[in-house]
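Trainee: Residue strings, one per chain:
2 protein chains.
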Amino acid sequence: MPTNPIYLPELREMIAENNVEEMYEFCKALHPAQTVEFMDGLEPVEIWAILRHAEKPVAAEIFSYFDEDIQVRIVESAPRDEIADLIEHLPSDDRVDILQSTDKDVVAELMPLMEAEDRSDIQRLSAFADGTCGAEMTTDFVRLRANMTITEALQEIGRQTEEIETVYYLYVVNEADHLVGLVSAKQLLHNLSRPHTLIRDLMKRDLITVRADEDREVAAREVAKFDFLAIPVVDANRHMLGIITHDDIMDMVQDEATEDAYRMAAIGPMEESYLNAPFWTIWKSRVMWLSLLFAAELATFTVMAHFDAELSTVKVLALFIPLVISTGGNSGSQAATLITRALALGEVRMRDVLRVLRHELLMGLALGVSLGAIGFLRAFLTPDHILSGTNRSLLSVTICLTASLICLFGTVVGAMLPLGFKRLGFDPGMASSPFVATFVDVVGIFIFFTVARIFLI
Amino acid sequence: MPTNPIYLPELREMIAENNVEEMYEFCKALHPAQTVEFMDGLEPVEIWAILRHAEKPVAAEIFSYFDEDIQVRIVESAPRDEIADLIEHLPSDDRVDILQSTDKDVVAELMPLMEAEDRSDIQRLSAFADGTCGAEMTTDFVRLRANMTITEALQEIGRQTEEIETVYYLYVVNEADHLVGLVSAKQLLHNLSRPHTLIRDLMKRDLITVRADEDREVAAREVAKFDFLAIPVVDANRHMLGIITHDDIMDMVQDEATEDAYRMAAIGPMEESYLNAPFWTIWKSRVMWLSLLFAAELATFTVMAHFDAELSTVKVLALFIPLVISTGGNSGSQAATLITRALALGEVRMRDVLRVLRHELLMGLALGVSLGAIGFLRAFLTPDHILSGTNRSLLSVTICLTASLICLFGTVVGAMLPLGFKRLGFDPGMASSPFVATFVDVVGIFIFFTVARIFLI
Chain A
0 MPTNPIYLPE LREMIAENNV EEMYEFCKAL HPAQTVEFMD GLEPVEIWAI LRHAEKPVAA
60 EIFSYFDEDI QVRIVESAPR DEIADLIEHL PSDDRVDILQ STDKDVVAEL MPLMEAEDRS
120 DIQRLSAFAD GTCGAEMTTD FVRLRANMTI TEALQEIGRQ TEEIETVYYL YVVNEADHLV
180 GLVSAKQLLH NLSRPHTLIR DLMKRDLITV RADEDREVAA REVAKFDFLA IPVVDANRHM
240 LGIITHDDIM DMVQDEATED AYRMAAIGPM EESYLNAPFW TIWKSRVMWL SLLFAAELAT
300 FTVMAHFDAE LSTVKVLALF IPLVISTGGN SGSQAATLIT RALALGEVRM RDVLRVLRHE
360 LLMGLALGVS LGAIGFLRAF LTPDHILSGT NRSLLSVTIC LTASLICLFG TVVGAMLPLG
420 FKRLGFDPGM ASSPFVATFV DVVGIFIFFT VARIFLI
Chain B
0 MPTNPIYLPE LREMIAENNV EEMYEFCKAL HPAQTVEFMD GLEPVEIWAI LRHAEKPVAA
60 EIFSYFDEDI QVRIVESAPR DEIADLIEHL PSDDRVDILQ STDKDVVAEL MPLMEAEDRS
120 DIQRLSAFAD GTCGAEMTTD FVRLRANMTI TEALQEIGRQ TEEIETVYYL YVVNEADHLV
180 GLVSAKQLLH NLSRPHTLIR DLMKRDLITV RADEDREVAA REVAKFDFLA IPVVDANRHM
240 LGIITHDDIM DMVQDEATED AYRMAAIGPM EESYLNAPFW TIWKSRVMWL SLLFAAELAT
300 FTVMAHFDAE LSTVKVLALF IPLVISTGGN SGSQAATLIT RALALGEVRM RDVLRVLRHE
360 LLMGLALGVS LGAIGFLRAF LTPDHILSGT NRSLLSVTIC LTASLICLFG TVVGAMLPLG
420 FKRLGFDPGM ASSPFVATFV DVVGIFIFFT VARIFLI
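Those sequence lines, one after another, are chains A and B.
Residues in the first sequence are numbered from 0 upward in steps of one, following numbering that gives the first Met the number 0.
Residues in the second sequence are numbered from 0 upward in steps of one, following numbering that gives the first Met the number 0.
Don't read these hints as lab results, they were simulated from the structure.
Hints may be right or wrong, so weigh each one.
The list makes no distinction among identical chains, and a pair is therefore deemed to hold if it is satisfied within one copy or across any two copies.
What the hints assert, rightly or not - DSSO-like, lysine-lysine: derived pairs with alpha carbons at most 27 Å apart:
1. Lys203 x Lys185
2. Lys103 x Lys27
3. Lys55 x Lys314
4. Lys203 x Lys27
5. Lys185 x Lys283
6. Lys283 x Lys27
7. Lys55 x Lys283
8. Lys55 x Lys203
9. Lys103 x Lys314
10. Lys55 x Lys103
11. Lys185 x Lys55
12. Lys103 x Lys203
13. Lys314 x Lys185
14. Lys103 x Lys185
Since we're looking at a predicted model, the values are computed, not measured.
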């Protein structure tokens, strides 16, 4: 969230003077996301000193645009009864996220202050595991019945929508709360001239749904594919549980993109934004990964120490080490990224594993031959004084074969790892991590000296 | 797009028998995205043989879910008059994209067959540069006037919406077509009981807009931040030009994520999906980048050849080369990714450059000292037979100092490059490319041997 501190003195003055009317007006003057920008820099108690004067739905909307760490600090510091009231007005998915990060004692004090219905809603949603559709969904949506007329449906919308985020998709359920259809607000607006039409005759019946226990990425994929505004979440018996809305999907897609990029660059997850996070928090997140990578790369030292004799005999080999190493890392991360994205976009499935293997074996060979040719040329052109007695042709063959083999190895490992990680229940994107590149480095050096031993020693 | 070939024989039979009714029914039975899955595998002429029997708006919807290369092949192969008619029904942003990839002669034949209004709309939209908001927007949205009542607005919506994608945001313009406000369908539904209310009294006036010549990422950021369904696009004089809808933003975000991941892994852009693309197309896209990286990495050979004498004198240095190289690459890509994401999310702006520089200088030092300590330890524990006479303490100091300096260098270069690329008008994500890592490798080797020369030779 960018910040905009120019208004902070005025806000602090309003609080000092307890100017209730101005605070009320400030809260409703702007888009809630902008209100939050203007308040950035205030302490949680100051934020609440202003927000408590807004109308409850307005306060809830503004509150929901704060970063989660600030939300939690407000919840923990403000008077319990006021916060319980606010929580009742929050979207059902947001409040569960916040309460799960809040101090357990505070939550224990807040729960009895809420209405029974909100309480049981929170308990139900908390049960879904992180990263599932159930954990992302909101239970705030409009339920209609198939035998309603358009007029009755509009009345029902008016009754239900006070705290409801989206009225653009209206879900039709039967007596057992099974999802049976969907009408869009667009359809209602188009048929206003025929107010006695039954919802049954307007509704779409073949709905695309996700199950609450499915990975949230499934919901993201379906919403992106079908251009939906929201997707309904059902249980195994097709009971309607909730919906995931387009804005949550967008946040999800952004989060996953950041997560993927961070993992590719070995950065631990960070809650706060770059310039706001304390120096030593960022340092900790970075130094841990860099040190681990550094330590893992030490294995190259061990492997090379093992080949110390070869290195002493054919000194020119040392000059090709960076080249050899980078080939494995580059071809591996190329293959890993291609397969990871193809998995994420649904272009490759687990059952395609043999097809991918065959494809990448051939690709690794085709790529390897090309790199090998360049390597051969470079080695063949090594100046005499650097060769210092090593056989030019044999050195060239060594470099050519090494580059080809390492490229083949990197490509196949890079392509198979995302599928392997997925099979084991991990994130396929882990294959693009520099740890995999480090592993390929070590194997690469081993291949290099083994080939060199055959041809040159 | 995943494919579903189980229905292809039936579809081919329908075409062979010219079973118009069944083709008509097939086109409206499913969600258009699913219809496209079922048709995948048909030739463009076969696809059109089916689609031409659907109602025009249905055909247009299905058509818009095909990949662009198939769309273009259909446009180029089907009868001109039928395609001109289809194009008139396509969303205004989609049809411009398609026509820009279509054979120029075909476009020249199609344009006169369209109505003057569509023709000038296409000409106007084609004028916006790729990647701008103007190029992403659609001109299909509902225009209202401030002095309309709710009843009149609903009638106007009914009149305008036949080909309009979204009725959820309705834009209020004045006589000069300046954007003056926005009403949501939600507001209309909530106020149906007061049909004489004026739009003026409902509409929101402080609107967040983007200019047509701004980068489309600005629109993506605003829509994600404010949870909008669409964002209006205006010109410099606040004339209302069009809107960008949430589904286009979602596609954009996905595209950018794929693009970023590809660039980090040095894969050229690809139009087709992984398993559908021909082998040699993928090979070309991959071998080009791998060869370029390989060639760039050859610079390490040149630098090391320059230090051949040092390498011969202190042979143990060779064993530390992979370690030294990986340190630069890892710390550089870590910093580059952090700053690139922070730029993309709006957490860091161009004016923060000095703050980032100071931050990363300190961070590079703090990280470097940590890695240097590990390096010192490892070097100090080198077995005697590998040291072969090199001074243990001086070697340890050399490795420690080298690791620290390279980490500092990688971190600062990695952090500054995204800002530099952005200033020059390039994509900041280019800094995470392996080419930058290769550059850091080369400099790293230079630092290594320079330090070694001072302490060991």
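Trainee: When Cα atoms must be at most 27 Å apart, do Lys203 and Lys27 count as within-copy, between-copy, both, or neither?
Mentor: Close across copies (12 Å), not inside one copy (37 Å); limit 27 Å.
Trainee: Using 27 Å as the alpha-carbon threshold, which applies to Lys103 and Lys185: within, between, both, or neither?
Mentor: This pair counts as neither: shortest intra-copy Cα distance 44 Å, inter-copy 38 Å.
Trainee: Is it within a copy, between copies, both, or neither that the alpha carbon of Lys55 lies no farther than 27 Å from that of Lys103?
Mentor: within (25 Å within a copy, 58 Å between copies)
Trainee: Indicate which option fits the pair Lys55, Lys283 if close means a Cα-Cα distance not exceeding 27 Å: within, between, both or neither.
Mentor: Neither: 40 Å inside a copy, 59 Å across copies.
Trainee: At most 27 Å between CA atoms: does that hold for Lys55 and Lys314 within a copy, between copies, both, or neither?
Mentor: neither (76 Å within a copy, 73 Å between copies)
Trainee: Tell me, please, which holds for Lys103 and Lys203 at an alpha-carbon limit of 27 Å: within, between, both or neither?
Mentor: So Lys103 and Lys203 fail the 27 Å test inside a copy (44 Å) and across (41 Å) alike.
Trainee: When no copy is named, should Lys103 and Lys314 be tagged within, between, both, or neither for a Cα gap of at most 27 Å?
Mentor: neither (64 Å within a copy, 60 Å between copies)
Trainee: At most 27 Å between alpha carbons: which applies to Lys185 and Lys283, within, between, both or neither?
Mentor: Answer is neither: 51 Å inside a copy and 47 Å across each miss the 27 Å cutoff.
Trainee: Evaluate Lys203 and Lys185 at a C-alpha cut-off of 27 Å and name the case that applies: within, between, both or neither.
Mentor: both (13 Å within a copy, 21 Å between copies)
Trainee: Under a CA distance limit of 27 Å, which applies to Lys103 and Lys27: within one copy, between copies, both, or neither?
Mentor: Answer is neither: 32 Å inside a copy and 53 Å across each miss the 27 Å cutoff.
Trainee: Cα distance capped at 27 Å. Does Lys185 pair with Lys55 within a copy, between copies, both, or neither?
Mentor: Between copies only: 19 Å across chains, 29 Å inside a chain, cut-off 27 Å.
Trainee: Quick one: Lys314 to Lys185, C-alpha cut-off 27 Å, is that within a copy, between copies, both, or neither?
Mentor: Close neither inside one copy (76 Å) nor across copies (76 Å); limit 27 Å.
When held up to the earlier numbered hints, the structure conflicts with 2, 3, 5, 6, 7, 9, 12, 13, 14 and fits the remainder.
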